[in-house]
Amino acid sequence: MAHRLAEAYKRWRHTRGYGVHSPFAYTVVKEVIRPGRRYAYYGYEDIDCALGRGEGMHARRMARTLLRLAAFLDSDRVFMPNSHDTTLYLTALRAAGSRIHVISAMQEAESCGLVCSTRDYIPLERLVGLLRQPGRTLALHDAPAGWAATIFDSIGEGLMFYGRKNVLIFSRPDMQKVSYSILI
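All letters in the sequence shown, in the order written, are residues 1187 to 1370 by my numbering.
Calculated directly from the structure, the hints in this document are not laboratory data.
Please note: incorrect hints may appear among the correct ones.
Using 27 Å as the maximum straight-line C-alpha spacing, the simulated DSS-like pairs for lysine-lysine come out as follows [stated by the list, open to error]:
1) K1216 x K1351
2) K1363 x K1216
3) K1351 x K1363
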């Protein structure tokens, strides 16, 4: 019980930027994960309209985070599988910018700077291989247990934000390897 309480407190702190010492990580927290009210994205309305039955607050939060992430990274090629449970996230990516080209062919994922997936759609070994290329970012919704740690352990340098089910990993050659428990 005490461990879960301590983890919840740490997650709450990191989500607000407290204890996040890397300038890049702090910027991600303040502009992508928890931007505050000063940011307004036109795509929020599109996300709300695309929200389907059975998709709750967590899916909506991750879709909005994905929209802000794609805008923050200024992505032009993004991988997102085309399946029935990714419609909301495809809406978020398209709302992030008109020049974003969303790729759904697995063999073309290597040409994308941002790789997005849900659950175990992309096999773990494939995700590890994709993130070994520096400069690539992974957004994984509803990640299977243990995947975040396995993927993060496989990269040399970078940053990971992880929640109970959602993960953001930045493979960056210019930064120390660090991870933060956060509300995503």
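These are the hints, each one checked on the structure:
no.	hint	verdict
1	K1216 x K1351	holds (21 Å)
2	K1363 x K1216	holds (20 Å)
3	K1351 x K1363	holds (21 Å)
Violated hints: none; the structure is consistent with every hint.
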